[in-house]
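Participant: Could you build the full structure based on these sequences and the hints that come with them?
Residues 1 to 47 (this note's numbering) are what the sequence shown spells out, left to right.
For the record, the hints were derived by calculation from the structure and aren't laboratory data. Just so we're clear, the structure is a prediction, and the values are computed from it rather than from any experiment. One thing to keep in mind: the hints can contain errors.
Restraint-style ranges between C-beta atoms, simulated for each label pair [to be verified]:
id, residue 1, residue 2, range
1, M1, D24, 15 to 21 Å
2, A8, T35, 21 to 27 Å
3, M33, L9, 29 to 35 Å
4, N39, E15, 31 to 37 Å
5, L37, L9, 14 to 20 Å
Glycine is no exception: its CB is placed at the ideal position from the N, C-alpha and C atoms.
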Amino acid sequence: MVLDIPYALAGLDDESWVVPPNEDGQYHGPVRMRTGLANSYNAAATW
Numbered sequence: 001m002v003l004d005i006p007y008a009l010a011g012l013d014d015e016s017w018v019v020p021p022n023e024d025g026q027y028h029g030p031v032r033m034r035t036g037l038a039n040s041y042n043a044a045a046t047w
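Facilitator: Laid out in structure tokens, this is it:
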């Protein structure tokens, strides 16, 4: 299980942040890794 939740990653410089969005624009909470990858849940896949 991985968490498909919004979170921020440091960008290329000290002042920017990236929040990976999902294809459907929603977050899905705890999901299986297979489900996250199959459904393009980017937040889950980047954990």
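Participant: Going back to the hint list, which numbers does this structure go against?
Facilitator: 3
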